[in-house]
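Given these sequences and hints, build the entire structure.
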Amino acid sequence: MGIEQKAGDLGAVTMRLEQAVNWARTYAMWPMLFGLACCAIEMMAGQAAKHDMSRFGMELMRATPRQSDLMIISGRVTRKMAPVLRLLYDQMPDPKWVVSMGDCASCGGIFNNYAIVQGVDEIMPVDVYVAGCPPRPEALVHGILTLHEKVRGEKIKTWA
Amino acid sequence: MLDQSEFAFNELRHLVTDRAIEGETMLLNMGPQHPSTHGVLRLLLELDGEVVVNCFPDIGFLHTGIEKNMEAKSYEKAAVMTDRLDYLNNLGNNLVYCMAIEKLAELDVPIRAQAIRVILTELQRIASHLVWLGTHTLDLAAISMFWYTFRERELILDINEMVSGQRMMTTYFRPGGLWRDVPVEFEDAVRDFIRIFPKRITEYEAMLNENPIFLERTKGIGVIKPEDAIHWGVTGPMLRASGVDFDLRKVDPYMGYEQYEFDVPTHTDSDTYARYLVRVEEMRQSLRIVEQALDKLPYGPVRSNNRKYVPPPRSELGTSMEAVIHHFKLWTDGFEMPEGSVYAAAESPRGVLGVYLESDGSTKPHRVHWRTPSFDNLQMLPVLAKGHLVADLVALVGTTDFVLGDIDR
Ligand code: SF4
Chain A
0 MGIEQKAGDL GAVTMRLEQA VNWARTYAMW PMLFGLACCA IEMMAGQAAK HDMSRFGMEL
60 MRATPRQSDL MIISGRVTRK MAPVLRLLYD QMPDPKWVVS MGDCASCGGI FNNYAIVQGV
120 DEIMPVDVYV AGCPPRPEAL VHGILTLHEK VRGEKIKTWA
Chain B
0 MLDQSEFAFN ELRHLVTDRA IEGETMLLNM GPQHPSTHGV LRLLLELDGE VVVNCFPDIG
60 FLHTGIEKNM EAKSYEKAAV MTDRLDYLNN LGNNLVYCMA IEKLAELDVP IRAQAIRVIL
120 TELQRIASHL VWLGTHTLDL AAISMFWYTF RERELILDIN EMVSGQRMMT TYFRPGGLWR
180 DVPVEFEDAV RDFIRIFPKR ITEYEAMLNE NPIFLERTKG IGVIKPEDAI HWGVTGPMLR
240 ASGVDFDLRK VDPYMGYEQY EFDVPTHTDS DTYARYLVRV EEMRQSLRIV EQALDKLPYG
300 PVRSNNRKYV PPPRSELGTS MEAVIHHFKL WTDGFEMPEG SVYAAAESPR GVLGVYLESD
360 GSTKPHRVHW RTPSFDNLQM LPVLAKGHLV ADLVALVGTT DFVLGDIDR
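Chains A and B are the protein sequences, given in the same order.
Those letters in the first sequence? Residues 0 to 159, per numbering that gives the first Met the number 0, in order.
Those letters in the second sequence? Residues 0 to 408, per numbering that gives the first Met the number 0, in order.
These are computed hints drawn from the structure, not numbers from a lab.
None of these values were measured; they are calculated from a predicted model.
Think of the CB as a built atom: it goes at the ideal place given N, C-alpha and C, for glycine as much as any other residue.
Any given hint could be a false lead.
Below, in silico cross-link-like pairs of lysine-lysine (DSS-like), each with a Cα-Cα straight-line distance of 30 Å or less [said to hold, decoys possible]:
1) Lys67/B <-> Lys79/A
2) Lys72/B <-> Lys79/A
3) Lys76/B <-> Lys79/A
Simulated DEER-style distance windows between Cβ atoms [claimed, not checked]:
4) Arg179/B <-> Gln117/A: 30 to 36 Å
5) Met14/A <-> Gly219/B: 57 to 63 Å
6) Gly152/A <-> Tyr298/B: 54 to 60 Å
7) Gly56/A <-> Trp330/B: 46 to 52 Å
8) Thr63/A <-> Gly164/B: 37 to 43 Å
9) Arg54/A <-> Ser319/B: 52 to 58 Å
10) Ser340/B <-> Asp126/A: 43 to 49 Å
Take a look at the structure:
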């Protein structure tokens with residue numbers, strides 16, 4: 000009894016394992032539900048009806064790092080918040096990705112001062128940077144799609 | 000050597016009751032990453048079963064140093080920072096800051112600019128209340144409200160984008176008026192909104208006002224007595240829901256609010272449900288103000304002609320030497336403010352938002368201090384939380400309607 004009988008009339012698709020896994024990872028990427036500052040409001044707008052990020056398999060935002068694959072750093076990262084963020088990042092299971100949303104998270108933005116970490120890449124690796132203060136929801140969606148492209152190109156050897 | 004949890008406990012010892020030290024009550028951390036703390040607030044809870052015995056807010060996770068940073072910028076450039084304070088009330092922050100400068104410099108604001116300021120800040124108030132309504136009900140397990148309120152909020156953001164090119168951080172109000180005049184489509188867009196929105200408010204009320212779960216979770220939760228509210232410095236809808244009729248737009252009108260007819264909604268139940276009613280009614284009143292302001296929107300300039308503070312229009316640069324000089328001076332150095340200090344305040348969606356400016360006569364502020372409503376309202380939270388269940392704490396956090404950017408600055 001081969002796969003044809005099991006699948007019935009559905010037919011069978013063959014593809015490389017690499018492709019299949021990357022495809023699955025791309026379209027079930029659960030972001031972590033937490034906001035830092037103003038950019039978080041635009042992230043919420045991205046989730047809401049008009050921009051609807053669930054079109055890209057992201058309707059589930061998990062409030063716990065243990066169940067999420069994607070961390071969207073939405074806002075300015077202060078020196079007091081930085082250790083907390085790093086802890087959250089460490090608690091996420093592999094594979095995990097980070098999108099740095101907004102100028103503050105990417106490079107400190109307009110706040111070049113004692114309180115703000117000048118770019119979240121000082122404390123964790125970042126996959127995609129989204130520019131803007133705040134980035135429009137469309138820009139965030141574009142950032143996510145860029146990340147999807149990156150994930151689709153990942154090689155089996157580098158899988159975490 | 001102490002391990003980490005012991006160390007943390009020793010640090011907190013003076014805050015908690017003896018029962019926690021004996022292990023009778025439990026210490027629990029809520030936040031800074033918690034979906035219902037609306038940002039990065041950390042609440043340390045002392046729990047007896049599920050009842051909150053003590054609640055200590057730990058703020059500062061979003062301390063951005065805005066006040067200090069503003070001292071390093073010229074007055075006009077510092078206006079950009081103000082948007083990022085209370086990021087649901089960006090234009091309101093601009094307004095207060097500009098009002099302070101205008102008060103100290105005795106700068107005039109054309110009436111058209113004043114009317115447009117009123118229209119946009121009232122729309123912003125609605126947008127802010129919409130975010131509050133969406134997230135507050137989301138925390139109380141009514142997820143559908145979130146989709147509806149954000150749908151309407153997009154309309155307001157579109158208007159923002161139309162006038163300034165940005166959705167949230169517009170810095171559209173500048174000392175002496177506006178950045179530039181509104182486009183011709185502005186009036187239609189606002190009229191459309193005025194036409195659509197009342198029906199939508201009715202929709203929200205139909206979904207919530209008699210919803211048994213919503214009522215169960217808000218009625219009688221977090222009652223603030225009026226005298227307590229006044230003693231703790233609570234302002235805004237929190238105060239008005241306790242029956243105190245205090246609104247700066249009425250008490251100390253600015254930007255020509257005295258010309259508009261509107262009511263200040265109050266309620267005497269003082270609980271979370273009353274605060275919900277007051278805020279929803281405020282949206283209606285804001286709409287009334289917007290409509291009146293739009294009806295009698297005068298024509299004319301939108302920025303003062305005082306060339307010591309306001310850069311000349313682009314068209315003058317080709318023909319007038321003085322214009323070039325002013326332009327150069329204002330964009331390289333900024334304007335010099337008279338020496339002195341000033342306080343200006345306005346009614347933000349959360350309460351009284353004030354700014355204190357200290358000027359030493361140079362082009363940069365010597366000191367800027369913000370009196371933010373979220374900070375004062377948050378003080379009330381530990382008082383309210385005592386004796387409530389943890390689940391009610393979520394409702395209380397939502398009803399306080401604070402913005403962490405406003406608290407930590
Ligand atoms: S990039 Fe702009 S909008 Fe985003 S957190 Fe920073 S200041 Fe706020």
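Comparing the hints with the structure gives:
At roughly 17 Å between alpha-carbon atoms, Lys67/B and Lys79/A fall within 30 Å of each other, so this suggested pair holds. For the hint linking Lys72/B to Lys79/A, the alpha-carbon distance of about 25 Å falls within 30 Å, and the restraint holds. This hinted pair checks out: Lys76/B and Lys79/A have alpha carbons roughly 27 Å apart, not beyond 30 Å. The hinted window of 30 to 36 Å between Arg179/B and Gln117/A holds, with their beta carbons roughly 33 Å apart.
A C-beta distance of roughly 59 Å is found between Met14/A and Gly219/B, which places it inside the suggested range of 57 to 63 Å. In this structure the hint that Gly152/A and Tyr298/B lie 54 to 60 Å apart at CB holds, the actual value being about 57 Å. At roughly 47 Å, the beta-carbon separation of Gly56/A and Trp330/B lies within the given 46 to 52 Å, and the hint holds. With their beta carbons about 38 Å apart, Thr63/A and Gly164/B fall inside the hinted range of 37 to 43 Å.
Between Arg54/A and Ser319/B the C-beta distance comes to about 54 Å, which sits within the given range of 52 to 58 Å. Checked against the hint of 43 to 49 Å, the pair Ser340/B and Asp126/A passes, with Cβ atoms roughly 48 Å apart.
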